[in-house]
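Let the hints inform the model, and build the full structure from the sequences given.
There are 2 protein chains.
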Amino acid sequence: MTEDTFLAKASALLGPRGLTADADLMQPWLTDWRGRFTGKALAMASPATTAEVAALVALCAAHGVPIVPQGGNSSMSGGATPDEGGASLLLSLRRLNAIRALDREERKATCEAGVVLHTLHEAADEAGLRFPLTLGGKGSATIGGLISTNAGGGQVLRHGSMRAQVLGLEAVLADGSVFSQLTPLKKDNRGFDLKQLMIGSEGTLGIVTAATLRLLPAVADRVVIWAGVASLKAARALLLHCDDAAGAALEQFEVLPQRCLDAVLDYLPDSRAPLAEAHPWHALIEVVADRSSAEGLRERCEAMMAGAFEQGLVTDAAIAASESQAEAFWLLRESIAPAERAKGPAVQHDISVPVERMPEFVEAAVPAIEAAWPGTEAVAFGHLGDGNVHFHVLAPAGQDMSWTTADGATISHEVNDLVTRWGGSISAEHGIGQLKRDELARLGDPVALDIMRRVKAALDPAGLLNPGKLV
Amino acid sequence: MTEDTFLAKASALLGPRGLTADADLMQPWLTDWRGRFTGKALAMASPATTAEVAALVALCAAHGVPIVPQGGNSSMSGGATPDEGGASLLLSLRRLNAIRALDREERKATCEAGVVLHTLHEAADEAGLRFPLTLGGKGSATIGGLISTNAGGGQVLRHGSMRAQVLGLEAVLADGSVFSQLTPLKKDNRGFDLKQLMIGSEGTLGIVTAATLRLLPAVADRVVIWAGVASLKAARALLLHCDDAAGAALEQFEVLPQRCLDAVLDYLPDSRAPLAEAHPWHALIEVVADRSSAEGLRERCEAMMAGAFEQGLVTDAAIAASESQAEAFWLLRESIAPAERAKGPAVQHDISVPVERMPEFVEAAVPAIEAAWPGTEAVAFGHLGDGNVHFHVLAPAGQDMSWTTADGATISHEVNDLVTRWGGSISAEHGIGQLKRDELARLGDPVALDIMRRVKAALDPAGLLNPGKLV
Numbered sequence: 382m383t384e385d386t387f388l389a390k391a392s393a394l395l396g397p398r399g400l401t402a403d404a405d406l407m408q409p410w411l412t413d414w415r416g417r418f419t420g421k422a423l424a425m426a427s428p429a430t431t432a433e434v435a436a437l438v439a440l441c442a443a444h445g446v447p448i449v450p451q452g453g454n455s456s457m458s459g460g461a462t463p464d465e466g467g468a469s470l471l472l473s474l475r476r477l478n479a480i481r482a483l484d485r486e487e488r489k490a491t492c493e494a495g496v497v498l499h500t501l502h503e504a505a506d507e508a509g510l511r512f513p514l515t516l517g518g519k520g521s522a523t524i525g526g527l528i529s530t531n532a533g534g535g536q537v538l539r540h541g542s543m544r545a546q547v548l549g550l551e552a553v554l555a556d557g558s559v560f561s562q563l564t565p566l567k568k569d570n571r572g573f574d575l576k577q578l579m580i581g582s583e584g585t586l587g588i589v590t591a592a593t594l595r596l597l598p599a600v601a602d603r604v605v606i607w608a609g610v611a612s613l614k615a616a617r618a619l620l621l622h623c624d625d626a627a628g629a630a631l632e633q634f635e636v637l638p639q640r641c642l643d644a645v646l647d648y649l650p651d652s653r654a655p656l657a658e659a660h661p662w663h664a665l666i667e668v669v670a671d672r673s674s675a676e677g678l679r680e681r682c683e684a685m686m687a688g689a690f691e692q693g694l695v696t697d698a699a700i701a702a703s704e705s706q707a708e709a710f711w712l713l714r715e716s717i718a719p720a721e722r723a724k725g726p727a728v729q730h731d732i733s734v735p736v737e738r739m740p741e742f743v744e745a746a747v748p749a750i751e752a753a754w755p756g757t758e759a760v761a762f763g764h765l766g767d768g769n770v771h772f773h774v775l776a777p778a779g780q781d782m783s784w785t786t787a788d789g790a791t792i793s794h795e796v797n798d799l800v801t802r803w804g805g806s807i808s809a810e811h812g813i814g815q816l817k818r819d820e821l822a823r824l825g826d827p828v829a830l831d832i833m834r835r836v837k838a839a840l841d842p843a844g845l846l847n848p849g850k851l852v
Numbered sequence: 382m383t384e385d386t387f388l389a390k391a392s393a394l395l396g397p398r399g400l401t402a403d404a405d406l407m408q409p410w411l412t413d414w415r416g417r418f419t420g421k422a423l424a425m426a427s428p429a430t431t432a433e434v435a436a437l438v439a440l441c442a443a444h445g446v447p448i449v450p451q452g453g454n455s456s457m458s459g460g461a462t463p464d465e466g467g468a469s470l471l472l473s474l475r476r477l478n479a480i481r482a483l484d485r486e487e488r489k490a491t492c493e494a495g496v497v498l499h500t501l502h503e504a505a506d507e508a509g510l511r512f513p514l515t516l517g518g519k520g521s522a523t524i525g526g527l528i529s530t531n532a533g534g535g536q537v538l539r540h541g542s543m544r545a546q547v548l549g550l551e552a553v554l555a556d557g558s559v560f561s562q563l564t565p566l567k568k569d570n571r572g573f574d575l576k577q578l579m580i581g582s583e584g585t586l587g588i589v590t591a592a593t594l595r596l597l598p599a600v601a602d603r604v605v606i607w608a609g610v611a612s613l614k615a616a617r618a619l620l621l622h623c624d625d626a627a628g629a630a631l632e633q634f635e636v637l638p639q640r641c642l643d644a645v646l647d648y649l650p651d652s653r654a655p656l657a658e659a660h661p662w663h664a665l666i667e668v669v670a671d672r673s674s675a676e677g678l679r680e681r682c683e684a685m686m687a688g689a690f691e692q693g694l695v696t697d698a699a700i701a702a703s704e705s706q707a708e709a710f711w712l713l714r715e716s717i718a719p720a721e722r723a724k725g726p727a728v729q730h731d732i733s734v735p736v737e738r739m740p741e742f743v744e745a746a747v748p749a750i751e752a753a754w755p756g757t758e759a760v761a762f763g764h765l766g767d768g769n770v771h772f773h774v775l776a777p778a779g780q781d782m783s784w785t786t787a788d789g790a791t792i793s794h795e796v797n798d799l800v801t802r803w804g805g806s807i808s809a810e811h812g813i814g815q816l817k818r819d820e821l822a823r824l825g826d827p828v829a830l831d832i833m834r835r836v837k838a839a840l841d842p843a844g845l846l847n848p849g850k851l852v
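Sequence order for the protein chains is H and V.
So the number in our numbering is just where the residue sits in the first sequence, counting from 1, plus 381.
So the number in our numbering is just where the residue sits in the second sequence, counting from 1, plus 381.
Derived by calculation from the structure, the hints in this document are not laboratory data.
The reader is advised that the hints may include incorrect statements.
No distinction is drawn between identical chains; accordingly, a pair holds when it is met within one copy or between any pair of copies.
[To be verified] With a cut-off of at most 25 Å between alpha-carbon atoms, the simulated SDA-like pairs for lysine to any residue come out as follows: (1) Lys567 with Gly541; (2) Lys614 with Thr386; (3) Lys567 with Thr515; (4) Lys489 with Gly541; (5) Lys489 with Arg475; (6) Lys567 with Ala745; (7) Lys567 with Val600; (8) Lys724 with Asp831; (9) Lys489 with Ala629; (10) Lys489 with His540; (11) Lys421 with Ser703; (12) Lys567 with Asp819; (13) Lys567 with Thr401; (14) Lys567 with His794; (15) Lys724 with Glu737; (16) Lys489 with Arg672; (17) Lys567 with Ala508.
As structure tokens, then:
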């Protein structure tokens with residue numbers, strides 16, 4: 382039988398640590414972390430080197446075995462979960478976990494795909510540097526997964542998404558050949574930017590095995606500010622003001638409505654509101670500086686906020702007086718998602734529109750959804766500076782999880798329609814995976830979809846790389 | 382005859398201003414500006430709108446007519462010059478010259494492909510902003526050409542190449558369909574980054590018709606420094622020091638050897654050397670600040686240079702005392718190319734290697750070339766901060782232009798071999814065009830070349846877009 386031949390060959394290639402078909406060992410990796418998708422796999426391969434990945438992919442190509450690459454299994458869109466057919470090989474990149482090099486002078490690190498984000502943060506920190514991208518799943522998310530999904534986070538405002546951090550890339554292509562462009566050249570115009578083509582392609586064009594990433598000087602000082610504002614429009618005016626005043630030092634600018642803050646305060650036992658009164662919207666602002674510009678940072682921030690008061694952009698504001706208060710501010714922001722989960726079922730949408738249209742969009746979409754589905758509660762919060770909010774719709778009281786696939790699904794459909802009409806994206810950060818594939822096919826630009834399908838067919842004619850995802 | 386049918390239809394589509402086959406009118410556009418390539422064309426089309434470009438390309442597709450897109454005709458690599466067959470249509474984008482929108486608050490401008498770079502600079506300036514990319518050909522180079530070749534320049538160090546400036550893109554594909562992604566979304570993870578695929582593809586995958594570009598706050602203050610250093614290695618140490626001290630304010634870091642400076646001083650009648658003595662290498666450093674960080678800029682630069690002296694990184698240095706002195710410093714740098722042309726024939730190489738290897742590379746390559754071809758003079762100058770130097774080899778005294786295609790060609794071959802062995806790029810800034818196509822095929826990574834050819838075949842199966850260039 383072909384399948385047995387393939388497994389025998391794969392086993393010979395990878396050794397006992399490198400391949401398993403044991404159901405118990407595979408089980409944790411066959412369900413996505415949000416628990417929405419569960420699949421089956423022929424086996425789980427865990428190669429330890431790029432050469433092993435290449436040989437394995439060539440073997441898969443020869444036998445026609447589909448491959449589902451997986452890093453930390455923390456995709457928000459089911460992007461790393463196989464389908465239920467059981468014919469795919471689950472390809473874990475977690476054993477490729479070396480930081481091959483870290484160059485302090487040139488501020489770059491070459492990491493294998495399985496390096497966990499938090500591990501890179503620590504390594505950069507030890508070298509007196511930092512890696513300027515972080516997100517909730519940093520303890521499990523891997524460099525390979527972050528690159529394949531072009532991960533974002535709050536710092537995109539200043540530093541860009543994962544795409545902007547990648548200086549060099551190594552990936553195994555569908556035929557097992559290795560695309561190797563790890564040596565970063567700051568200028569290189571020898572044709573198409575294939576590195577950028579791979580980034581964000583969710584493993585459908587190639588399997589990222591390593592990358593050279595940029596590092597930045599360590600943060601020497603930060604100032605965290607909590608501001609109460611009258612509206613989301615006022616929040617955007619405040620954003621423009623801060624951007625003018627702080628320039629490149631403005632690191633993050635997050636927003637949340639009062640109802641989000643209330644939910645967090647209910648959820649966190651010992652928390653307190655940063656400001657004495659309630660405000661329609663709140664902004665959480667972080668300004669940071671490295672050693673070259675740390676002098677006078679706090680004074681500059683005080684002047685910035687004084688200017689904001691003078692212009693009537695804020696109603697009230699507090700500058701964190703200590704690092705522990707700064708952390709307390711951030712804890713409120715980071716607790717929005719768990720606080721919401723404690724309230725009951727919800728459908729989440731990770732959307733973006735042009736920054737300047739975001740206030741108008743939220744002010745139109747929230748009441749529209751709540752009116753059409755009585756009893757629901759729609760909240761938008763997140764990265765205003767990137768035009769990216771998490772738009773969540775909470776089920777009416779008393780509903781169970783089945784609501785998310787009934788009314789919830791219809792609501793998602795409507796939210797995606799709205800976003801598309803506003804010139805936005807139905808996936809700002811989390812990728813398409815299997816979760817949004819049908820919606821992308823329904824709402825995506827036909828010309829762009831056609832190019833994607835052509836490129837996919839050109840690079841993976843047999844369709845073996847992460848089938849059922851994205852395209 | 383098919384050709385006449387095609388021309389009649391194209392003429393009907395574009396009107397009298399939009400199509401000409403007049404030899405005198407076409408002549409200036411059929412030779413590249415360096416005078417290396419001269420081609421022939423069926424006709425020159427000058428559509429005025431994206432819709433006209435789309436209809437014309439569809440017509441070309443129907444009739445199998447190859448298309449050579451052209452902006453300001455200032456390609457350094459013959460990238461916009463048709464071949465000698467005369468079957469191609471020269472497609473000028475120069476009439477697509479509107480700045481469709483400029484948003485001061487969101488700091489972005491939507492420009493058509495034919496907008497000249499200098500025009501964009503002026504428009505940004507009027508809005509109190511700036512477009513952070515410039516180069517020698519700014520008076521003729523167009524936005525479409527700059528995007529298609531991913532143009533660079535001295536400011537790449539801080540702001541990145543053209544690729545980093547493009548927020549949104551509109552392009553006509555080989556079948557005449559329009560890829561339209563002009564509305565910038567700061568976060569958008571709906572699949573492959575097709576915009577990045579088009580950028581730098583030299584018109585072989587699509588014809589750029591418009592783009593939304595980012596703008597930055599205007600420069601409020603700048604400090605220009607001329608430093609004499611003992612070696613290129615010392616220049617790099619100085620670069621690292623300035624990068625630490627000035628951080629994001631470090632805008633440009635150029636280097637040139639004494640022999641380059643001597644040639645410029647000979648060439649420019651009223652010029653004088655910025656420093657009293659000769660030095661093996663010179664660095665030209667620009668530090669700039671917008672309004673948010675202008676305060677104390679000069680003092681910070683003085684402290685930066687004092688630190689450099691203390692650490693023995695510089696032998697001598699002068700901080701320009703006035704804007705006119707700053708301009709005089711820059712004039713020396715900008716006169717290297719004309720001064721060199723005045724000295725006689727030369728072959729030019731626009732190359733990059735990893736920044737940290739550049740000193741070693743230059744110190745190895747210059748004597749190697751000069752020893753192998755006695756009488757030649759090899760000079761490297763340019764953007765050390767990007768690992769990108771212009772490596773020029775001047776002919777022995779008494780040679781005429783025929784030298785460039787005899788010994789000169791052999792030398793170029795050798796330089797490209799050297800760069801490739803050092804992990805570098807044979808085209809850092811200028812693209813491949815027709816000039817370096819054979820060298821790319823000879824020296825490029827076969828895996829990368831294979832992907833490029835597959836993508837090209839997928840998006841332009843008939844090979845009608847800028848044939849004979851790049852791939």
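Inset, instruction - At 25 Å max between alpha carbons, let me know whether lysine 567 reaches threonine 515 within a copy, between copies, both or neither. - result: both (24 Å within a copy, 17 Å between copies)
Inset, instruction - If the cutoff is 25 Å on CA atoms, where do lysine 567 and histidine 794 land: within, between, both or neither? Let me know, please. - result: Between copies, since 23 Å is at most 25 Å while 42 Å is not.
Legend entry - Status of glycine 541 relative to lysine 567 across identical chains (alpha carbons, at most 25 Å): both (17 Å within a copy, 8 Å between copies)
Legend entry - Identical-chain pair category, lysine 421 with serine 703, by Cα at 25 Å: neither (50 Å within a copy, 71 Å between copies)
Legend entry - Within, between, both or neither: lysine 489, alanine 629 at alpha-carbon 25 Å: both (21 Å within a copy, 17 Å between copies)
Inset, instruction - Go through the copies and call it for lysine 724 and aspartate 831: within, between, both or neither, with a Cα cutoff of 25 Å. - result: Answer is neither: 41 Å inside a copy and 53 Å across each miss the 25 Å cutoff.
Legend entry - Intra/inter-copy verdict for lysine 567 and aspartate 819 if alpha-carbon distance must be at most 25 Å: between (38 Å within a copy, 23 Å between copies)
Inset, instruction - Since the copies are identical, ignore which copy is meant and state whether lysine 614 and threonine 386 lie within 25 Å (CA to CA) inside a copy, between copies, both or neither. - result: neither (63 Å within a copy, 57 Å between copies)
Inset, instruction - Classify it for me, lysine 724 with glutamate 737: is the Cα-Cα distance of at most 25 Å met within a copy, between copies, both or neither? - result: Intra 31 Å, inter 54 Å, cutoff 25 Å: neither.
Legend entry - Alpha-carbon proximity context of lysine 489 and arginine 672, limit 25 Å: within (18 Å within a copy, 30 Å between copies)
Legend entry - Alpha-carbon proximity context of lysine 489 and glycine 541, limit 25 Å: Result: close both inside a copy and across copies, 16 Å intra and 16 Å inter.
Legend entry - Intra- versus inter-subunit Cα pairing at 25 Å for lysine 567 with alanine 745: between (44 Å within a copy, 21 Å between copies)
Hint check: violations occur at hints 2, 8, 11, 13, 15; the rest are consistent with the structure.
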